[in-house]
Structures are given as C-alpha cells and as structure tokens.
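These protein sequences, in sequence, are chains G and Y. Residue numbers for the first sequence follow this note's numbering, so the first one is 44 and each next one is one higher. Residue numbers for the second sequence follow this note's numbering, so the first one is 44 and each next one is one higher.
It should be emphasised that the hints constitute simulated quantities derived from the structure, not laboratory data. All of these numbers come straight from a predicted model, not from anything done at the bench. Heads up, the beta-carbon is just placed ideally off N, CA and C, and yes, glycines get one too. Any given hint could be a false lead.
Here are the simulated distance ranges between beta carbons [unchecked claim]:
id : chain 1 : residue 1 : chain 2 : residue 2 : range
1  : Y       : V404      : G       : N377      : 56 to 64 Å
2  : Y       : G149      : G       : V404      : 31 to 39 Å
3  : Y       : E312      : G       : E397      : 31 to 39 Å
4  : Y       : P417      : G       : Q161      : 38 to 46 Å
5  : G       : E416      : Y       : V182      : 23 to 31 Å
6  : G       : E397      : Y       : V182      : 48 to 56 Å
7  : Y       : E425      : G       : D189      : 50 to 58 Å
Number of protein chains: 2
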Amino acid sequence: MAQRLVVIGGGAAGMSAASAARRVDPEREIVVLEATGHAAYGLCGIPYYLAGLVERAEALYSYPPSYFRQRRRIDLRLHAEAVELDPERRELRYREGGQDRRLAYGDLVVAAGGAPVQPALPGVTDARVVTVRTLEDAVALRALLDEGRLRTAVVVGAGYVGLEMAEALHARGVRMTVVEAAAQVMPNLDEPVAALVADEVRRHGVDLRLGVPFEGVRRDGDALVALVDGAALPADLVVLAMGVRPAADVATLAGARTGPAGALLVDEEMCTTLPSVYAAGDCIAPQHLVLGRPAYLPLGPAGNKTGRVAGTVVAGGTARFRGVVGTAVVKVFNLAVARTGLTLTEARQALGAEPVATDAVGRSCAKYYPGSEPVTVRLVHEPGGRLLGAQFVSRGEVAKRVDVVATALQAGFDVADLLHLDLSYAPPYAPVYEPVLLAAQAAIAPSAVPA
Amino acid sequence: MAQRLVVIGGGAAGMSAASAARRVDPEREIVVLEATGHAAYGLCGIPYYLAGLVERAEALYSYPPSYFRQRRRIDLRLHAEAVELDPERRELRYREGGQDRRLAYGDLVVAAGGAPVQPALPGVTDARVVTVRTLEDAVALRALLDEGRLRTAVVVGAGYVGLEMAEALHARGVRMTVVEAAAQVMPNLDEPVAALVADEVRRHGVDLRLGVPFEGVRRDGDALVALVDGAALPADLVVLAMGVRPAADVATLAGARTGPAGALLVDEEMCTTLPSVYAAGDCIAPQHLVLGRPAYLPLGPAGNKTGRVAGTVVAGGTARFRGVVGTAVVKVFNLAVARTGLTLTEARQALGAEPVATDAVGRSCAKYYPGSEPVTVRLVHEPGGRLLGAQFVSRGEVAKRVDVVATALQAGFDVADLLHLDLSYAPPYAPVYEPVLLAAQAAIAPSAVPA
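The shape of chain G in the complex, shown without the other chains (with noise of 0.2 Å):
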C-alpha cells in the first residue's frame, strides 16, 4: 500500500504524470483523481469546440477514459475531488459520490491545474454568469449556444482566455461587450503591440471596453444585467475570464511551501517541500530562466511536461525540467499574436539593467507571392546587449517564428547573435530576410537596417 502512487487532477498535467509514471514502472498501482467527469483533455481546445469548429467534446480528449484504465492499467477516477492531504501519515481525504474516503499513498503528485478567479461582487453566482475552465462548463455553454438563445453576451476580462471565448461567441453570432479593467488587452503584452490586437476585436464587432471595472450583474425581471463602470448592460449571459490561481490548496493546506500567485514551489524534479509530495501542471510556478526566478505561467505545454517529469520522477526514472521562457501564443481573429520572454514593462519591472525595445514590421513571406501579409515584431533587449523577449502579430504565421527567440533565448543569446542566423527562406513561406533579423538589425545599428 505503502507504494502506491495517486495524482491529483487528470488534467494533461496530471495524466501524463500517471502515463510517464506507468511508462516507468509497469507494476505500480496508480490512481488519479479527477475532480470533473472528464480528464486528459486539451484545455485550450474549449474556444474551438464552443465556436463549433469542433464537433464533440470528446475530439479534446487525448485518450478516453478507458484507454487509460484499460491500456495503462491506471485507476482514473472522475468525481472524485481530493479534500485535505495528511502528509505525516502520507493519506489523502477526498470525496466521491458523495462519500468522504481515504487513500494511503507512497507518493502524490498534485496536479490539480488552475481555477479560474472569481471576484467577491454581487451576482456573480447566478447561473447565467459562467467561467469556462473545465470541458463540463464547455459542454453546458454549447448546448445553450446550439438551442441558440445567446444573443448577447458580455465577458470579463480581455487576456487571452476572454479574447478567445470573444472569438468564439462571435462565431456562434452572439453580440458581444468585452469589459477590461485594464488600460490594454493582453496585459502580458507591451502597450503599442496590445493596441494591434484591440484594433482587430474592435474590427470585428465587439464592443470593446478598457479600463472600465466590472462591477458585478443583477437581474431585471427575467433579464439578466451586467454593471459596468456605472452602466447597466443587459446580456444573455456573463462570461467570467478574469484568470487563472492555482488549484494548490490542499498542498499549501498541509504546509507545502509557495511562491508567484500562490503556486507551489517545486525543484527540477517537481519535488514540492512536503515529503513525498510533487507537483506538476498549472498549480505550480516553475523557474523562468530569464528572470532567474520562479514565476507563475499556467500554460499547456509546461503542464505536459512537468506532469512527465513527475512522473518519470515519481517512478524512479530520470528526468528534469529547467523551466520557462514564457513563449505563448493565441488566435485573436485573424491575428495570431506570440510572445517569449519579457515584455519591455516586464523586463523594467524585474530588471536591474535599463532594457530597451526596438521594433520593426517585416513579411511573412516574399512580398510578390499571394497571402504575403506584413509581421510586427518587437525585440526587447540590453542596450547592444541579452535578448531579453520578442513579441511579434500577424495575420501571417508567427507561432513558430517567435520559437526561434525561445530557442535564443534559452541559449542565452545577446540580440546581436539573431543577425547570424541562418534561418529557411522560400517565397511561399518566409521573406529573404526574416523579421526577426530585420528587428535585430535594427536593435544593433539603427541606421543600418535594409528598406
């Protein structure tokens, strides 16, 4: 008993702690715990099934359920919701079909991902005001959208989990108000690129909103009615996107120690400081190597990763995971929108040195071939010195053009070792000179750079 291993969460984060730990060692008795009725799905597949480019909430799942139990021989269990950990006898409380059970574990990986915020404002638990964190909340809002009685909507918060359920509510022809307390979009995004993205939501339709608090809803009659800076706007529906915490407490109950937002503090190994306890997935904060620090970034691939190393860990296999560099990247409309590394505010929050930004706007491929669309591109850097990040938008492709700062960036290259790329070109796919090493030219020799 004492050998067993139990997961909490079967997330991607948690799934693939269980799958790496099976991969490992192929006798070990595995459960996982899950809270919701569905696991291993992928989480930021939810905006595309809600706008219908999906079909069935199933097409997210990585496997079903059965492969898992079947195939790996894993004990999953939904419903199932852990309650309160006793790290000193190594036994974790948790409740399934209604009952309080107990579970002895020889090691625990928490991977219970992130919970959406929830502001302490009036209304905001009546039924029509929603997050769509988890495939169950997803399923709930399509089968509304598919009876069609949405018309309008307002959602909460312009990151970019509001932005895409924007996208997605258009596409399904909803009306829409977004409601941002912050000056810009995209709050990890500089000013003057957040501003391109703004322009492409207000370009299709949406009433967008800065800098104006939410302030809660209430119901008119039947109506239902968002409060916004003093306004009273009516609304089918209330979409809540105000971010992610991390779903830590059971961990940081029994005393696990945390860092950035509260997420628990791992090492490499995804050790958490409990005995016994690891972490993985978006309830951790995992050192980012441009900062130099642990820093709090719930994003998919990371959660994958940690969830391997857990588990490869936990099993008694070999791995590490060194961190982050912060590389993201969404659709917002038409524009699909990328960063890695420090934003300029960012790097002038966390920084000694003075950084600076240098921009430049370069092709996504040849400028005579058909669909050639123009690529913004901001380096952020030293004076002549570190690569610090990039953030580039178009409506081009730039997903994996700003991977070649990631990958800079986890070489620990000054902007000055961009001009010496040697980087793929062909006129249907990129331009002679990428954008990138337009912005670097233009970051080492401002005079220099070629028209």
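Given the coordinates of chain G, assemble chain Y onto it according to the supplied hints.
Leaving out everything else, chain Y in the frame of chain G:
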C-alpha cells in the same frame, strides 16, 4: 579614381553590397556591372512567376533600377559583363554595348552569382533546351507558356530547382517527365525523407524517373526528342536543372583561392585571397558551422547577408558573417520540405563520430483542429549527444519549424537540450508537443516517446 568601388553582379548579393556601402559611405563612387538586363530581383521567385502566381516579372524586383540609380546614387550598368580582372593594376575589363571597356577600382566585390551546370551532351544548345537561372530566361519561357505552345516537357534534374520548375510547368498544364541520374530526388535529403517528396511529385501525375541518365537531345524533323537512358522522349521543351556552379571565373583566373565546387574562399569579412577583392553570394563557399569547414550552398539569405557584409566592410564599416548551417526550405506541390545542418548521409561522410538519425511524426497543430496535418521530422545527432541536423516534411508549416533547429545548431545544442525548449502552443498553430520535441524525446529515450 582609386577609391571607386566596383561590384560585379547586380543580383541580391551585389546590390546588397552596393547598398550597404552607400549606407556607410554617402560619397563614394559605386559602379555595379550586371551582365543581364535585370538587377536586384528575387531569383527564387521565378517558379511562381512562371506558374502565373506572380503576374509581372518586375514584381520580383526588390527595387527597380531607377531606385538604385537615383535614390542610392549607384551607377548600375545593365548588360555589362566582367571579362578579366587585373588585381595588380586594380583594373577590370568588361563588355558593354558590344565594346570592350576598362574600369579602375579601389575595391572590388565579386558577386557574380551562380551559373547553371551545362552538360557536354549532344543537342543541348538547341533553342528549346533551356536553363532558368535569370529573369531573362524566365521572361522568355513565360512568353512560350502564355502562348500555349508547350504541352510536354522534360525536366532534367530533381533537385529543388528541378522540382520547383516541375510544379510551375504543371500549374500551366504542361505534361511532364522529370529525369534524375541519382536514385532519389533532392540529394540534400536523406533517402527516406526524399521518398516522401517523390511520392508527392508522382501523385500530381508527373512521370518521375530516378536513377536514369540524361543523354542529350536530338531533333526529329521539327520535333524535339530527349534521350533518357536509351529511350527517346518527345517534348516541346527540355529544362536543364542540373545544379549551379559558382560564376567565379573572373576572380579565379586572376588567382583567387577557391574551395568546394570551385567557389571563392573568403574570411568573415568577405575578403578573398586577392588584395582589395571581396566576394559574396552564390560564388563563394562560406564557413559551414556544423561541418567546421567551407561549403558551397548557394542560397538567398546567405547571398543577401554576405553581400551586405562585403559592402559594409569595403566602405569602412564593421560587419562579420560567421557562416551557415545549411538551412533551406522548398515547396514541392502541396508539401513543404525543410532541412538544416547535416543529413545522416552528409554527417556520415563528413564527421568522425558515428551519427544516427531519429524519426518521429507529429502534428502541425492540435489533432482536433481543422487542417491539422502530420509533420515528419528526422533529427540527425551523435548518439545521446551533439545535434547535427534536421529534416521536416509536411503539408502544414515546417519553414519556421526548421528554424528552431537552425537556431539550436547555431547555439551548439545537444539533442537533449531540445527537450527543454519552451515552444509556443495554441490549437490552431501547434500541438502541445511540437514534432521536434517528440523526435528529441525519442532520440534520448526511445521507449519514452509519448504515445
């Protein structure tokens, strides 16, 4: 007069050199001698001009000649062909308007580009046997295509130019045979990767014949007949795409040192072994950073960059070109095919250690997102050690995927370092595990690839 800068060649490298020199030195006299009637155009755009995707030849210009003459005060002379170089007297003999002329120079940049390989075979001087290396070649061929007079063609050579030509002619309704002496298409790919490309070519109805020698052409009355492996193939046109050699004769005959393929050897400042003679573009063999020695890889980005470095240095500025890692991408019908570093074949020929290849198939974006395509990736590396190269094939995006590996090669990464890359993810653009990460995982721990 001694200070005059003369540039041989008005292609991408030559015009980059002239423009860079003008930026550094606003006063100097700069003369560019271009043998053809066009300058500063994107050579790689020719197939798309022939296919009709690009309407006017002038669309391939980066800038028209008048721009260079007036705005950059560059004395660009078209139809002016360098004939002989006297490095002692710093004098160049050239032909212009049917006349022999002489030009003294202070510095010379040789950027004469590449010339198509012309086999010494019967009939290859026939007017319907063409190479397509210059915009003039392309304009003449486009006129034939627009007249609708070409129904059948034989393309000799299945390297990337041959395959691009095949695709262009196919787009214009020409029935085609492609013959290649080697046993595979694209000798710069490993055979299993090249086989995927060959399938794509054949899928489009092209009669692709591998491992067969081209033996010349003959006339059969008015009809043209290509002689291939003893067979006679009637054709309205024969396109020779048998590779490119450095057009370095002027410098070579004057005693400049050459390396692979007879290309000029240069240092990081683009100096040849002749005093005050620099070289750039498709006539040089720059350092290959993975091979650790010069290599002849005539490609656009290095052409532009080496031209720029030569022009900057020659005018008194500071610039360096460290070298290439052999990154290239090509569109072959619906496939994108990319490579960087060394193939397994190249690595085995070149390096002492015994390299290996690890193959994986990932997805271009989330598997449930519309348009998701398989991405085949091959990593070449020392066993558990140094990364040496990669090849990618997909109907989805690979051009910027290969750039990640190119950046990793520049950084001197081991294959294990790839596992730690923080690459962007969003369902419309990328899977949560990038194909290159799947391959790196397989390279490190063959049994631990995520299923």
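Query - Hint check, failures only - result: 1
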